[in-house]
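Number of protein chains: 2
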Amino acid sequence: MTYCVGLRLDRGLVFMSDTRTNAGVDNISTFRKMTSWEVPGERVITLLSAGNLATTQAVVSLLDERTKAPEERDPTILGAPSMFQVARQVSETLRDVIGRQAQAGQRADSTFNATLLVGGQIADAPPRMFMIYPEGNFIEAGEDTPWFQIGETKYGRPILVRGFDRAMSFEDAVKLLMVSFDSTLKANLSVGLPFDLQIIERDALVLGPRRRIAADDPYYHEISERWGAALREALDSLPDYSFET
Amino acid sequence: MTYCVGLRLDRGLVFMSDTRTNAGVDNISTFRKMTSWEVPGERVITLLSAGNLATTQAVVSLLDERTKAPEERDPTILGAPSMFQVARQVSETLRDVIGRQAQAGQRADSTFNATLLVGGQIADAPPRMFMIYPEGNFIEAGEDTPWFQIGETKYGRPILVRGFDRAMSFEDAVKLLMVSFDSTLKANLSVGLPFDLQIIERDALVLGPRRRIAADDPYYHEISERWGAALREALDSLPDYSFET
Numbered sequence: 000m001t002y003c004v005g006l007r008l009d010r011g012l013v014f015m016s017d018t019r020t021n022a023g024v025d026n027i028s029t030f031r032k033m034t035s036w037e038v039p040g041e042r043v044i045t046l047l048s049a050g051n052l053a054t055t056q057a058v059v060s061l062l063d064e065r066t067k068a069p070e071e072r073d074p075t076i077l078g079a080p081s082m083f084q085v086a087r088q089v090s091e092t093l094r095d096v097i098g099r100q101a102q103a104g105q106r107a108d109s110t111f112n113a114t115l116l117v118g119g120q121i122a123d124a125p126p127r128m129f130m131i132y133p134e135g136n137f138i139e140a141g142e143d144t145p146w147f148q149i150g151e152t153k154y155g156r157p158i159l160v161r162g163f164d165r166a167m168s169f170e171d172a173v174k175l176l177m178v179s180f181d182s183t184l185k186a187n188l189s190v191g192l193p194f195d196l197q198i199i200e201r202d203a204l205v206l207g208p209r210r211r212i213a214a215d216d217p218y219y220h221e222i223s224e225r226w227g228a229a230l231r232e233a234l235d236s237l238p239d240y241s242f243e244t
Numbered sequence: 000m001t002y003c004v005g006l007r008l009d010r011g012l013v014f015m016s017d018t019r020t021n022a023g024v025d026n027i028s029t030f031r032k033m034t035s036w037e038v039p040g041e042r043v044i045t046l047l048s049a050g051n052l053a054t055t056q057a058v059v060s061l062l063d064e065r066t067k068a069p070e071e072r073d074p075t076i077l078g079a080p081s082m083f084q085v086a087r088q089v090s091e092t093l094r095d096v097i098g099r100q101a102q103a104g105q106r107a108d109s110t111f112n113a114t115l116l117v118g119g120q121i122a123d124a125p126p127r128m129f130m131i132y133p134e135g136n137f138i139e140a141g142e143d144t145p146w147f148q149i150g151e152t153k154y155g156r157p158i159l160v161r162g163f164d165r166a167m168s169f170e171d172a173v174k175l176l177m178v179s180f181d182s183t184l185k186a187n188l189s190v191g192l193p194f195d196l197q198i199i200e201r202d203a204l205v206l207g208p209r210r211r212i213a214a215d216d217p218y219y220h221e222i223s224e225r226w227g228a229a230l231r232e233a234l235d236s237l238p239d240y241s242f243e244t
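These protein sequences, in sequence, are chains A and B.
Residue 183 in numbering that gives the first Met the number 0 is what sits at position 184 of the first sequence, and the numbering runs on without skipping anything.
Residue 52 in numbering that gives the first Met the number 0 is what sits at position 53 of the second sequence, and the numbering runs on without skipping anything.
Isolated chain A, as found in the complex:
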């Protein structure tokens, strides 16, 4: 499993992903699930992936190759005129990879599945973010739902529902994501440190801060330790139940 979140804030995009991959609980590894591309001054793109690792690595490799080899540059996400067209290229690549596995006589289609988040900004257009399904179709984060999760989404969802504010600072967004990831980590062995963090600042058109939150990251551990106490204080602050009423 995996846990990845993309937030569309007023001031830009924030992406966070874990790095754990597993085939059973006795076979776990660490792989980056976040890839970014940039043409400074012109476009920035970040991709997060959840699902079958062979599938997601093939998708990223194909997308990446086409940005580099001149003879294969068409279509390339670095040439797409809009983020919508980027999402289309990514979704077609995903569908092709899954389809090729399935056609090769492999039966377990579902295990080749993957879900992707792709977001970024191209030139004057505003930042946009899309969630791409294994079927190759996709949806865009809008005013009403300005954030997406993929992978093991349930444990970390309640705090996002309550804590997200599109006007929040990048620092507050990272804090919120740390708590959401911590809630997931506490409940599910298939999500694990380190985490990857990528900021895309609106209209900067260069990649913003990028961090790897390591297993011994002091900030993460401080958040994790203090969140329990903060939650209990929050509970205490609520009115008490009475069996009399």
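Simulated from the structure, these hints should not be mistaken for lab results.
It should be emphasised that the depicted structure is a prediction, and the values quoted were computed from it without experimental measurement.
From the three backbone atoms N, C-alpha and C, an ideal C-beta is built for every residue, glycine too.
It is possible that part of the hints are untrue.
[To be verified] To spell it out: a stretch of chain A is covered by chain B in this simulated footprint if at least three of its residues, at any positions, have a beta carbon under 8 Å from a beta carbon of chain B; those stretches are:
hint: 1; region: 0-6
hint: 2; region: 146-156
hint: 3; region: 175-182
hint: 4; region: 218-226
hint: 5; region: 230-242
Starting from the structure of chain A, add chain B where the hints point.
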């Protein structure tokens, strides 16, 4: 879907369940998923159920009939010498009901499945609580894991992980459960009000307070409204992230 929780506190047991059943999102109904039995001064038992409604209703009806019809009183959960034997009877009844459906030529075995929580106290023995799987085996809540969830468990789990304390009062336990249920309700249409609440006070050997939390319950709505603000304050109280470090 369903959401049910059972807590084993030092001072007794607390059970809460929702009442929504659904076959698709366009066919929802309200059914009680909590059943209690008592022999005042001798034993109290509460059962929560998640899964196929026909299965769980059949299990409850069979258990209930055997407590009433003299000629079918053996075995009955009101005659079992221990909570362990109660759990055994319940699990055998569950396995029989599921097995009968499957043998009757019905194919979709998995859809007949159900998971149960049963807890209570018999005479001098301490209160005990069990989770019963569709396969008919079961586990008991112990020192390390003194609470169980069944149904749509993930959204409401993080707050239980952080907020549970076996020494807590019944009032605080109800507050905690309200928050856990609210987090689930906010995220999943298949869990819905009203909720049922049952307290089993240690060594009372009569059923404790039992409540139905209606859709317009003022306490629940106050918790639900104030929890969002309390969570944001809890987030604010955590140290801020800095991109500089």
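_Numbers of the earlier hints that this structure fails to satisfy, in rising order_ = 1
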